[in-house]
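A.B. asks: Chain V is already provided as a structure; the job is to place chain G on it using the hints.
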Amino acid sequence: MSAIDDSLMVPAAEQPAARARALPRRLLSRLGSGLLRLVLLTLAGLLLAGIVHIVTVLRIPVLATHDAATVYAALGANGHADLATPPPAGLPAILDGAPNSVAAVCSYDLAAGPLRVVARTGSLPLGLTVHRRGGGVAYAITDRAAIRGVLEFVVMTQEQLDERLANDEEGETSRELRVISPSLQGLVVARVVVSRAFDRSEAEALATGVACGMAD
Amino acid sequence: MRVLPLAYVIALGAGLGLVSARYAVAERPWFGRAQVGAWTSWPNSGARDIDPYMRAYLARGVHLPLGAGEGLELIAKEDDAGQGLDARCRYLVSGATPPARGWSLGVTDPSGRSLQLPIERESFTDAEIVRGERGGMRIALATTPETGNWLPLPAGGRFQLRLRLYDTPISSHAGELRPDALPRITRTDCR
Numbered sequence: 250m251s252a253i254d255d256s257l258m259v260p261a262a263e264q265p266a267a268r269a270r271a272l273p274r275r276l277l278s279r280l281g282s283g284l285l286r287l288v289l290l291t292l293a294g295l296l297l298a299g300i301v302h303i304v305t306v307l308r309i310p311v312l313a314t315h316d317a318a319t320v321y322a323a324l325g326a327n328g329h330a331d332l333a334t335p336p337p338a339g340l341p342a343i344l345d346g347a348p349n350s351v352a353a354v355c356s357y358d359l360a361a362g363p364l365r366v367v368a369r370t371g372s373l374p375l376g377l378t379v380h381r382r383g384g385g386v387a388y389a390i391t392d393r394a395a396i397r398g399v400l401e402f403v404v405m406t407q408e409q410l411d412e413r414l415a416n417d418e419e420g421e422t423s424r425e426l427r428v429i430s431p432s433l434q435g436l437v438v439a440r441v442v443v444s445r446a447f448d449r450s451e452a453e454a455l456a457t458g459v460a461c462g463m464a465d
Numbered sequence: 402m403r404v405l406p407l408a409y410v411i412a413l414g415a416g417l418g419l420v421s422a423r424y425a426v427a428e429r430p431w432f433g434r435a436q437v438g439a440w441t442s443w444p445n446s447g448a449r450d451i452d453p454y455m456r457a458y459l460a461r462g463v464h465l466p467l468g469a470g471e472g473l474e475l476i477a478k479e480d481d482a483g484q485g486l487d488a489r490c491r492y493l494v495s496g497a498t499p500p501a502r503g504w505s506l507g508v509t510d511p512s513g514r515s516l517q518l519p520i521e522r523e524s525f526t527d528a529e530i531v532r533g534e535r536g537g538m539r540i541a542l543a544t545t546p547e548t549g550n551w552l553p554l555p556a557g558g559r560f561q562l563r564l565r566l567y568d569t570p571i572s573s574h575a576g577e578l579r580p581d582a583l584p585r586i587t588r589t590d591c592r
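Taken in order, these protein sequences are the chains called V and G.
With the first sequence counted from 1, adding 249 to any position gets you the numbering used here.
With the second sequence counted from 1, adding 401 to any position gets you the numbering used here.
If we strip away everything but chain V, and leave its shape as in the complex, we get (with noise of 0.2 Å):
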């Protein structure tokens, strides 16, 4: 005999009962439904968090607005690195600037060819840097490594190097320091030390002094 000719068997008087029995158990049962669907849909939830976040945080570099290297694009184009302590009028200071310290910024863009920095050495110590577009540092070397007072590099693409490389003669080495950018567009940062608050003008004048300018 089946199940359901059983039930049939059940007399009319008990129906209603057994049906208030089996109510909290339907309430129960699609209550846990609900729950676990609610579950999964947060873990789907928190999953896509997971990869908006991490998106949104690669991202920001490239999509910024408000970094160095867009704020002081300006700044460079006539051949020697502009003063940045202070900015020129109109501009946003350094963030996190050092009060002993002078820095002078000339922007970059490679796409009309790499960009050769010339530098001379003095009694104050002497960093220079290139920071790309977005954040971050390229390249940093200080007067330390001056041949004869003078520090001087080339920054380019790599598509430019390779470029370079396969115009150089063969079997002769290049005396030229070569410096890869990631990015087309970026800043080169001439940061002077003020030891003693009166060398800040010979400071100034060595880290706007960096020449900067087409490589050829």
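Hint data in this document are derived by calculation from the structure and do not stem from the laboratory.
As the structure is a computational prediction, the values presented were derived from the model and not from experiment.
One thing to keep in mind: the hints can contain errors.
Some chain V residues well away from chain G (every beta-carbon gap over 10 Å; in silico) [claimed, not checked]: (1) 332; (2) 345; (3) 418.
According to the in silico footprint, chain G covers these stretches of chain V (three or more CB under 8 Å from chain G) [to be verified]: (4) 314 to 321; (5) 334 to 343.
Glycine residues also receive a C-beta, built at the ideal position from the N, C-alpha and C atoms.
C.D. replies: Okay, now just chain G, sitting in the frame of chain V:
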């Protein structure tokens, strides 16, 4: 009724993802930091292999960090006892500095900006301080004038100390330093 669950997933994912990303790069990130005593540094902030969080932080403002070969910046928000630096207290910064061509020690507000005090003395360099018999650094931080090397503090509020080491060989392995290789920050008393 499939729209409601989908909207819930998208709202949760986009909202939480964007807010957490903003929070993660609003300040210098936890990732990649090196803690030595009271001093914190981010040795890779000026290196080519910078982590994405630090890069995103730098991209959000006009930051020009020291290059890895150029120097290292260390920041202290607390004293050696772990208490937050408070301008209502007096502090003594003393001890040694790691080998470097030069260094500077400055006071800033919690955001790294100048304190804009009436007295124009925000920092000392290694060439400016008066040294003791043993040649170590000894700098007093207080609101009222102190004898010797004195860095003025504002009337109240939190502040930070920033130690910059120029042309130092420790740039890439700052996390391996022992605490006694860096200056100690001791709270003298409080008002």
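A.B. asks: Checking the smallest CB distance to chain G, is residue 332(V) really beyond 10 Å?
C.D. replies: Correct as stated: the minimum Cβ-Cβ distance to chain G is 13 Å, above 10 Å.
A.B. asks: Beyond 10 Å from chain G, beta-carbon-wise, is residue 418(V)?
C.D. replies: holds, 29 Å
A.B. asks: Test coverage of the segment 334 to 343 of chain V by chain G using CB-CB distances below 8 Å; three residues minimum.
C.D. replies: Answer holds; 3 residues pass the 8 Å Cβ test.
A.B. asks: For residue 345(V), is the shortest beta carbon distance to chain G beyond 10 Å?
C.D. replies: Given that some Cβ of chain G is not farther than 10 Å from that of residue 345(V), nearest at about 4 Å, it is violated.
A.B. asks: Taking beta carbons only, do three or more residues of the segment 314 to 321 of chain V come closer than 8 Å to chain G?
C.D. replies: holds (count 5)
When each numbered hint is compared with the structure, a violation occurs for hint 2 only.
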